[in-house]
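Take the sequences, apply the hints, and build the full model.
Chains A and B, in that order, are what the protein sequence lines are. Following our numbering, the numbering of the first sequence begins with 3 at its first residue and continues without gaps. Following our numbering, the numbering of the second sequence begins with 3 at its first residue and continues without gaps.
Keep in mind that the hints were calculated from the coordinates and are not lab data. It cannot be assumed that every hint is accurate.
As the list makes no split between identical chains, a pair holds if one copy fits it or if it spans any two.
Derived lysine-lysine pairs resembling PhoX-like cross-links, with alpha carbons at most 25 Å apart [unchecked claim]:
id: 1; residue 1: Lys578; residue 2: Lys45
id: 2; residue 1: Lys231; residue 2: Lys459
id: 3; residue 1: Lys555; residue 2: Lys521
id: 4; residue 1: Lys309; residue 2: Lys697
Here are the chains, one letter per residue:
Protein chains: 2
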Amino acid sequence: MNPLIGTDKMGHTFPGATVPFGAVQLSPDTDTLSYEVDGKYNKNVYKYCAGYQYADKTIVGFSHTHFSGTGHSDLGDLLIMPTVGKLQLNPGTVNDPVSGYRSGYTHANEVAEADYYKVKLDKYNIIAELTTTTRVGVHQYTFPKSDSAHIILDLMAGIYNYPDKNVWAFVRIENDTLVTGYRQTNGWARTRTVYFAMVFSRPIREYGFQNNTKKEVYRGFWGKFDQSKNFPEMAGTQIRAYFNFKTEEGEKVKVKVALSPVSTANALENLRAEAPDWDFEQIKNAGQTAWEKELHKVEIQGDVALKQNFYTSMYHAFINPTVYMDVNGEYKGLDQNIHKADGFTNYTTFSLWDTHRALHPLFNILQPRHNADMISSMLAHYDQSAHHMLPVWSNSANENWCMIGYHAVSVIADAVVKGNAPFDANRALDACIATATHQSYGGLGEYMQVGYVPEDKSNASVSKTLEYAYDDWCIAQMAKKLNRMDVYETYMKRAQSFRNVYDASVGFMRPRMSDGNFKKNFDVLNTDEAGFVEGNSWNYSLYVPHDPIALIKIMGGEKRFVAHLDSLFTMQLPDKYFEATEDITRDGIIGNYVHGNEPSHHIAYLYNWTEQYWKTQERVRMILKKMYLPTPAGLSGNDDCGQMSAWYIFSTLGFYPVAPGSDRYDLGSPAVNDAIINMDNGKVLHIEVKGQGDKNVYVKKVLLNGVLIDRRYITHDEIMNGGTLTYYMSSKHN
Amino acid sequence: MNPLIGTDKMGHTFPGATVPFGAVQLSPDTDTLSYEVDGKYNKNVYKYCAGYQYADKTIVGFSHTHFSGTGHSDLGDLLIMPTVGKLQLNPGTVNDPVSGYRSGYTHANEVAEADYYKVKLDKYNIIAELTTTTRVGVHQYTFPKSDSAHIILDLMAGIYNYPDKNVWAFVRIENDTLVTGYRQTNGWARTRTVYFAMVFSRPIREYGFQNNTKKEVYRGFWGKFDQSKNFPEMAGTQIRAYFNFKTEEGEKVKVKVALSPVSTANALENLRAEAPDWDFEQIKNAGQTAWEKELHKVEIQGDVALKQNFYTSMYHAFINPTVYMDVNGEYKGLDQNIHKADGFTNYTTFSLWDTHRALHPLFNILQPRHNADMISSMLAHYDQSAHHMLPVWSNSANENWCMIGYHAVSVIADAVVKGNAPFDANRALDACIATATHQSYGGLGEYMQVGYVPEDKSNASVSKTLEYAYDDWCIAQMAKKLNRMDVYETYMKRAQSFRNVYDASVGFMRPRMSDGNFKKNFDVLNTDEAGFVEGNSWNYSLYVPHDPIALIKIMGGEKRFVAHLDSLFTMQLPDKYFEATEDITRDGIIGNYVHGNEPSHHIAYLYNWTEQYWKTQERVRMILKKMYLPTPAGLSGNDDCGQMSAWYIFSTLGFYPVAPGSDRYDLGSPAVNDAIINMDNGKVLHIEVKGQGDKNVYVKKVLLNGVLIDRRYITHDEIMNGGTLTYYMSSKHN
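Here's what the structure looks like:
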């Protein structure tokens, strides 16, 4: 396992410390850049979604919140930097690091482990070590001898930041070791506040603030005081604080920072509950033990690279969603009120357009309790939503509406259908229906009326239509399970809407207008502003995960369908189209197949519905090999909160959930030599792979508990019941 | 009683609706202006401390929070304006009211009563009526027939406003009659949020927002939606909302807006608890009944003008401080956490430099329970203060440090000495001591060290020294009562510090420097930057309320002292000095005596310590007559949260608390013909005035229960025990 995988270029993972699903992700930021320059979006900021780029030479500081693998971002709260010497309160620049508090570092002096990060800050000769509990970031700084040692708390710093993003900050020096406050931002989460309680292992000698807030009414009154030094309360939009110490050679100053979505009082309660003592090693050991437990839910055999990839994928899969609740059960709701979670742990960071595909299905196997709580969190979101909708992409008590569809219904249906639904499933179905009938959401009103989203009414109309159709099928499956057959009938009909955007005359899904005609200008390779999002028509035409049989039929039968699939993987995508493809490096595509973007994730498995099903095995193994490398630059696209990793985990084990909401996992080609899946129900599934080898990518036959599986899938129950799944591999396809 | 008194020019009172000590002050704003123009303080904004100026011709709207009589301001939250016709979402200007939503009005169509305000909005032919409960503002708008009736909620509007003051606003349309949200500002209260729940008596037909927020990260995602219309959640720094209706001729649309310092959930709870129904008349009647009860605690006989002045003073005295707590007992503390008041009602709006003088002493007679709760609120403030200090000028969970001294100790000592202290008085004394020893506060460290505030260390040093000395005496009195004699000794010594800034060579209090020498440049008539604040040396030299005997002695004896007093009232203050005098009209001074500024409030009573004590009677009656008129322009200076009114009430009744912290009220000259004071302890004090008349301003003798009072004061117990106080008046002094 190596947290540095994905930290170079497009993976957008972070190398720092976090526990499974932890609320704190304490990690170095090598830069963050401004989201806007001269009022315009700054394309370079995209690199810094996770705050860290492996190629960078300086570290600005260590902030407490990071998304893992996203393509947009926020967070980077409460950046802390230890320094010695002349106090510098600005971060400095890459080209002139001496001008600010940032420091050079080298990878030789860097250690990244699960819940532990260590680096030497060359400029200051300070060793920085980080670990966390669920809600507390723990810093251990080993200083040189200095009369002028500082710990800076930069409340201006943030990821995807620019001055207007900082709405407010409030800091109080409660006593000589305790600081409380909050940071409020207007970012991806539009109305977001992070509260904190910060304690030092040693008394602060003196402290002060730099307040860069532009304007303040009544500066006059505040002017009575020298607020810059030893004045115990500060507030404004642009604040930096510093705390001074005197250190002996090798002396450790430790800092614990607890977060809360609710209040500084709760942050302090979290701190006292989770990290009452100062034993850094003990906290680190507890975090690493927690990770060991999660990672060893699957024990695989394979070469070093495979293991690195696999366990790093497991690690990345269990970072998001994140706990969004204090130890006392309180959390901030979408209505910005404080709620108390009744019988569940509240989570946030739902990148559902990505994660409904494989991550949540993976959770139903490996994290059933967490997944159920995540659904309870989504239902709480629904209850609190002014739109009366389930989350689309939600974070920190905010809906940011990123991407399309209403894939929360897929996550819920998958759990219900698979029997992992310790919540009121009928209430959940009602929430799904309310969400799927919200007229003003992304052309949904028109979709309900005419069976497709007209491109002239709502853009990315084909992607939307296809994804709504799949989501509707999920609702139907859940309704069927709950024996609400009227709902089943209604949504099974809606699920066929994919037919309405298929243009048989060209053999592709194609945007359609309000008047019923297909859009005139149409380019099957174009993604942007062509009726699609994160995938062109060539890819999206294959997006009917819930009914490949019908898809094959409307596409002209198996031969033409396979030809379409083949072409996808083998064609050469012209540069101009590649440039419009978001989020991925050139290595991240195979022909016109873009693994870094999710709409393609089921595609390799679609051969399974044809007689050339062995091509699924071939393609999957190729993708596993080409798209995942155990290096910092090894991820070809954003990890997307674990979806890319979940794809890797499933595919490496030999099966994949093409259509979450069904209980079926399509068989692929395992890349392991052997695997054991330890499930929370006490059952164990042993995956034996006979005749594994680099060239033996084809599956001759599969046996479950010694009995031949005469179909191309296994079911959820078969997995959960444990036993032995035996793959017989070959270098030749059947 | 007439709420319009003080609304013209300098009174800074508001004409709108509020209940006694209510959290809501729902009142028309005729303008607010920007606090800054081109980055500089806008002097014109000063007129609009209460949002309303009687001479103005247009009303912008009705906002829910107003200070009463302050000299700086904040608030003006949640401005609502009903309109018909084309929707206009900007307020327009005075010179071009047609350009915005503001409307002309005339005083002929205006009614201002206790907890009731009514006005016709000429532009729209709408009758607006306002009333309140403690936490709910209730609007009743009688519309003409219109297909296009609007109610605007302007979250940009505010008093002492400018764009950067608006930190954040958040609004949710919960359903077709309920809207919730909050407004967060950076004003006099630096970190302040007002939460609200707003209900309409009729379903909203359609609604929308104007979002003038400059920048937003991820506008792109939000851009998916048309957020301007029927999108149920809005957030930003600059927001206006509108709600559309269709009205018949004479149709009433009612709006109830509940406030909370804590959350929208609490605001809704407040709404349901205090104003569950839609009966405007009933709510108004309840409010007016509450006022009747408070105002009739004193029943006076006198002419119409006197009664107008007196009952308006009573009204203004019982507006501030204001309730700052939800019906469930929750409030926001100075630490920005949510606290629950344990056994008291939490108050805010403590203008203590003003109100410790007469308002809180008045409360100890007429509002003992409220005063005790106010002190409990101050002690909660102390507990939550990062400075570990009692409030100086606090509002809405913020300390704004306005003015000087630590006069909370006076309020507390007065209550303790007078036996109205149902709180832990020893804990209160500890809080007073902690406050009085805060080294970095306004030269206090130096004061403690050398016995005065050196002008070169802290400005207004004479005012500070004198006020600290008085406050210290208060602490000593409280300590004596609590039998903590060491504290008593210490603070009685500190109370003599006034001696250290008296320059016998000139006969005036005079700024002194660190080196012990008096400041060279010294002008006894100058206020600004001369060692004083809101009073020149001529006035401040008389500021030893706790020890006039010593003052007379150091000033060279009674003859010179009386000459100083006389000169104050009779000299002609040159214009250049008047211009530097804040807060008052030219009518607001008598000679060099500035009644509109508080440091002079005890001065007329100082003659009582001399053989020319009859001059107290003469001066008091003159001040009552000249400084208080029953007209909109009738207040010569800011009412200062009721302090000016409290002075009027006491002086009109014939006695005044020169030194709160003692149990003594100095006898003056009653202006009533007769008065009955009904106290909460069930006792009644009857003030009989024999031989009252305009020229009979002199008191021949005073009898308490038929027994001659052979001193120039009565005690608190004498008042509280009730009975009959008989003044015998004469046109000639004794």
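Quiz item: How do Lys309 and Lys697 come out at 25 Å by Cα distance, when the copy is not named: within, between, both, or neither?
Solution: within (19 Å within a copy, 104 Å between copies)
Exercise. Measure nothing new, just compare the shortest in-copy and cross-copy C-alpha distances for Lys555 and Lys521 to 25 Å and report within, between, both or neither.
Key: Within. Shortest intra-copy distance 23 Å satisfies the 25 Å Cα cut-off; inter-copy 99 Å does not.
Quiz item: Taking 25 Å as the upper bound on the Cα-Cα distance, should Lys578 and Lys45 be classified as within, between, both, or neither?
Solution: within (18 Å within a copy, 60 Å between copies)
Practice problem: Have a look at Lys231 and Lys459 and pick one of within, between, both or neither, based on CA distance no larger than 25 Å. | Solution: between (57 Å within a copy, 16 Å between copies)
Violation of the numbered hints given earlier is absent; every hint is satisfied by the structure.
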